[in-house]
Amino acid sequence: MQNNVKNKSKISEVLGRLAGQQIFIPIAALLLLAIFNLIMDPSFYTVTLGHNNAGDPVLSGYLITILDYGSELAILAIGMTLVTAATGGQDISVGAAIAISGSVILRVLCGTDSRPDTLQAPIIVAFLISCVVAMLFGAFNGALVAYFKIQPMVATLILFTAGRSIAAWINNNELPIVSDKTFTYFGGFIPGIPIPTPFFIAAACMIVTALVLKFTNLRLYTQAVGINESSSRLNGLNPQFIKFLTFVILGLCVAVAGLIKVSRLSSINYSVIAKDIEMDAILAVALGGNALSGGKFNMTASILGAYVIQFLTTTLYKFNVQSDALSAYKAVVVILLVVLSAPIVREKCSALWKKIKGTHAKEVA
Amino acid sequence: MKEKAVLEMKNIHKSFPGVKALQAVDFTLCEGEIHALMGENGAGKSTLIKVLTGVYGKDEGQIFLKGHDKEAVIKSPQDAQRLGISTVYQEITLCPNLSVAENMYIGRTKGAVQNWKKMNADADKILKSLDIPAKAGQQLSSCSIAIQQMVAIARAVDMDCKVLILDEPTSSLDEQEVQKLFGLMRDLRSRGVGIIFVTHFLEQVYEVCDKITVLRDGQLVGEYEIKELPRVKLVAKMLGKELDDMAEIRDAELEYKEDTSVPVLEAQGLVSDAGIKPFDFYIKKGEVNGFTGLLGSGRSECVRAIFGADKLTGGTIKKDGKPVKINKPLDAMKNGIAYLPEDRKMDGIVGDLSVRDNIILAAQVLKGFFKPFTKAEANKFADEYIRLLDIKTASADTPIKSLSGGNQQKVILARWLLTHPEYLILDEPTRGIDVGTKVDIQKLVLELASKGMSITFISSETDEMLRTCSRLIVMRDRKVVGELSGEDLTQNKIMGTIAGGEKE
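Order-wise, the sequence lines are chains B and U.
Per my numbering, residue 35 is the first one in the first sequence, and the count goes up by one each step.
Per my numbering, residue 45 is the first one in the second sequence, and the count goes up by one each step.
Incorrect hints may appear among the rest.
SDA-like mimics (lysine to any residue), calculated; alpha carbons at most 25 Å apart, straight line [as the list claims (entries may be wrong)]:
{"id": "1", "chain 1": "B", "residue 1": "Lys391", "chain 2": "U", "residue 2": "Ser59"}
{"id": "2", "chain 1": "U", "residue 1": "Lys64", "chain 2": "U", "residue 2": "Glu47"}
{"id": "3", "chain 1": "U", "residue 1": "Lys281", "chain 2": "U", "residue 2": "Gln312"}
{"id": "4", "chain 1": "U", "residue 1": "Lys415", "chain 2": "B", "residue 2": "Arg380"}
{"id": "5", "chain 1": "U", "residue 1": "Lys445", "chain 2": "B", "residue 2": "Met333"}
{"id": "6", "chain 1": "U", "residue 1": "Lys94", "chain 2": "U", "residue 2": "Tyr268"}
{"id": "7", "chain 1": "B", "residue 1": "Lys389", "chain 2": "U", "residue 2": "Lys537"}
{"id": "8", "chain 1": "U", "residue 1": "Lys64", "chain 2": "B", "residue 2": "Leu386"}
{"id": "9", "chain 1": "B", "residue 1": "Lys388", "chain 2": "U", "residue 2": "Gly101"}
{"id": "10", "chain 1": "U", "residue 1": "Lys378", "chain 2": "B", "residue 2": "Asn272"}
{"id": "11", "chain 1": "B", "residue 1": "Lys388", "chain 2": "U", "residue 2": "Lys64"}
{"id": "12", "chain 1": "U", "residue 1": "Lys537", "chain 2": "U", "residue 2": "Asp324"}
{"id": "13", "chain 1": "U", "residue 1": "Lys372", "chain 2": "B", "residue 2": "Leu178"}
{"id": "14", "chain 1": "B", "residue 1": "Lys382", "chain 2": "U", "residue 2": "Lys537"}
{"id": "15", "chain 1": "U", "residue 1": "Lys419", "chain 2": "B", "residue 2": "Leu245"}
{"id": "16", "chain 1": "B", "residue 1": "Lys330", "chain 2": "U", "residue 2": "Lys436"}
{"id": "17", "chain 1": "U", "residue 1": "Lys445", "chain 2": "B", "residue 2": "Arg380"}
{"id": "18", "chain 1": "U", "residue 1": "Lys419", "chain 2": "B", "residue 2": "Thr250"}
{"id": "19", "chain 1": "U", "residue 1": "Lys424", "chain 2": "B", "residue 2": "Leu245"}
{"id": "20", "chain 1": "B", "residue 1": "Lys183", "chain 2": "U", "residue 2": "Asp317"}
{"id": "21", "chain 1": "B", "residue 1": "Lys330", "chain 2": "U", "residue 2": "Gly412"}
{"id": "22", "chain 1": "B", "residue 1": "Lys330", "chain 2": "U", "residue 2": "Asp427"}
{"id": "23", "chain 1": "B", "residue 1": "Lys388", "chain 2": "U", "residue 2": "Glu115"}
Read the hints as simulated data drawn from the structure, not as lab findings.
Keep in mind the model is a prediction, meaning the values are calculated, not measured.
Modelling step: build the complete structure from the supplied sequences, incorporating the hints.
And the structure:
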């Protein structure tokens with residue numbers, strides 16, 4: 035008995051310490067969703083190894099879907115976290131920017147003919163060009179925010195409004211289709227590997243981000259600028275440039291996400307591609323417990339937040355929620371999560387937790 | 045409860061993670077007395093006030109109020125107000141765009157309909173009875189800060205308060221305004237209100253208070269009648285040691301030596317977009333000089349121009365005799381110049397970052413974007429300077445904003461010392477921090493200078509300047525109007541030069 039109590043207090047101590055951590059929020063949300071699915075229908079977790087049309091081995095199941103479709107979101111969350119940290123604002127044009135960069139890739143691959151039999155340029159070239167274009171648009175947003183001091187939400191509203199038209203214009207409003215099979219690998223499966231490629235791309239992005247954060251001062255600089263711009267300047271930093279830089283980095287993330295998106299279809303639908311993804315990306319940052327007003331950030335929590343959102347979307351699909359009604363359901367869950375993770379609620383909870391523990395200890399004594 | 049007491053706090057305990065902010069503190073306030081609550085920064089004054097006003101919950105202890113038999117339950121500022129405990133803070137917490145009367149009655153009206161006429165008449169009556177020169181219909185922002193503060197007090201008084209807490213109310217007032225405020229405080233005392241007065245200014249305590257309660261490190265040192273505690277003893281009680289240090293600081297008289305060597309830094313015709321007249325400046329190796337003048341005379345703007353914090357519009361700067369370009373702070377830093385800014389909160393600390401990150405920030409920027417310090421290096425630097433400057437923090441991971449003002453200032457100082465500057469500019473390093481830290485900083489300045497660092501020291505307190513500087517540049521109306529050194533370094537001479545007008 036004595037031992038049992040000791041163990042219990044140790045567990046609650048560990049739990050208590052974890053609850054104080056920022057990453058606790060997305061983890062708790064993930065657990066909640068996982069348990070919900072486990073109770074409602076354990077078959078949610080079955081993963082089967084099958085073969086696709088081409089006869090290659092592929093894994094399928096809801097978990098795989100989450101890993102697959104959460105990837106773009108996770109990649110965008112990386113850039114969005116940095117922008118949020120440095121500017122205290124968000125970029126709402128990433129969906130439109132994905133349409134643009136996707137359109138650029140198709141344009142380069144297909145040339146003037148919208149349905150060519152062979153690729154007009156290597157995929158890597160198309161991708162690099164789309165990177166440059168997406169970073170230029172990022173730079174456009176960044177310049178408005180950093181040098182013209184326009185609120186991020188307003189500055190990016192411009193591209194949000196115009197982006198999809200620009201994307202259509204790039205391909206003369208045609209819908210090019212890539213027939214080359216290798217192009218589908220980026221959003222699908224590489225023959226012989228049963229795990230979806232987007233997951234590997236996302237993982238690569240995470241590794242690169244981790245390395246950049248480790249071997250440069252990006253974290254310190256963006257946080258310092260986001261917390262106190264005036265003080266950062268007097269410490270020799272160039273706050274404008276750092277804000278600008280974060281938008282350019284987000285541009286790069288957009289290009290990678292764009293590649294995955296168009297590869298999934300081998301084509302593009304200008305008005306639908308990556309629709310509302312900016313809201314999910316911002317939500318991922320918030321769900322990771324990062325202050326949307328800028329400053330300190332936790333990259334791991336943001337990325338985890340992105341997968342939590344995909345988990346939620348997939349769960350809703352599984353329960354046959356109509357895609358029109360999806361956002362309403364999502365909103366309810368989001369309200370719940372955000373309220374629960376608000377500092378004021380967490381304080382109250384930890385006070386309650388202490389009280390319970392206190393009475394428990396007394397009873398034991 | 046004592047007979048005349050309106051408030052008794054007994055055995056109050058309060059701790060925060062890693063800090064025991066209050067330990068077994070007792071505090072008694074009597075009817076019709078002005079009671080000073082004294083202590084260094086971080087001694088627990090604010091915590092005690094916040095426990096009393098319901099901002100923080102207490103861990104242990106009891107609070108009794110006159111007229112209530114049982115222990116008072118104060119769980120929120122609203123509770124405190126209901127029980128007749130009112131607080132007026134250092135920063136005005138009223139709404140500047142509303143009228144005086146609206147500010148006095150905001151949040152206290154009943155029902156949806158408001159009798160504006162009656163409200164204004166009532167407000168005027170109170171203002172008149174307290175002799176506050178303001179009209180009910182006047183917009184609050186058109187009143188001076190002192191009047192605004194008095195309106196806040198009038199609001200408190202009208203809410204039938206028995207305990208009035210004044211938290212550093214005088215720090216943004218000038219001498220005349222302070223006198224008006226004291227008049228009001230004495231008036232309230234005669235009406236039987238108990239007033240708790242928190243301030244950094246010793247003179248003010250002796251001018252207006254009846255009793256003093258001293259706190260140190262979260263513990264009660266004692267309660268004293270004002271007559272029984274001379275000023276020197278009060279300071280000693282606050283610091284917990286006898287204070288000979290103040291006199292010691294400048295035992296070796298700093299003689300101003302004629303020095304023909306090339307200045308470490310020399311500026312000619314320097315002018316920035318902050319609106320100062322062109323000025324010349326130089327500083328030699330190991331010298332401590334200072335800019336003096338009234339607030340707003342352009343002292344800070346001068347050093348900001350030297351550091352490149354404001355945009356330079358003209359003039360040249362020479363470092364060790366060689367011309368250099370300083371367009372932005374980074375240029376100055378690369379030339380071995382460091383600048384501790386005047387406004388610690390706005391320009392100094394990066395609030396949410398840890399003490400460690402705040403210490404390494406400037407050195408890290410100098411080292412470069414692609415060369416971050418390793419964790420071990422950063423820890424080593426942080427620990428070294430926390431020890432060296434005796435920074436009181438729970439750990440190097442603590443966010444700097446949770447430190448007391450004096451310790452925040454030490455962190456900023458550590459940040460610049462870590463860059464190993466040749467020339468260090470300290471703009472008001474001692475403002476708003478406690479006596480002990482002030483002494484520490486002045487000592488450090490002289491010690492660094494003796495090791496060959498050149499330092500410019502700016503302070504609003506002339507005696508601090510006299511204790512540390514060997515040459516003073518006097519400013520008036522954004523212009524350099526004189527330079528004093530050697531025998532001329534006296535209070536009178538400085539005052540005379542600042543005032544100007546008469547030729548000697």
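Which hint numbers doesn't this structure obey?
2, 3, 4, 7 and 14
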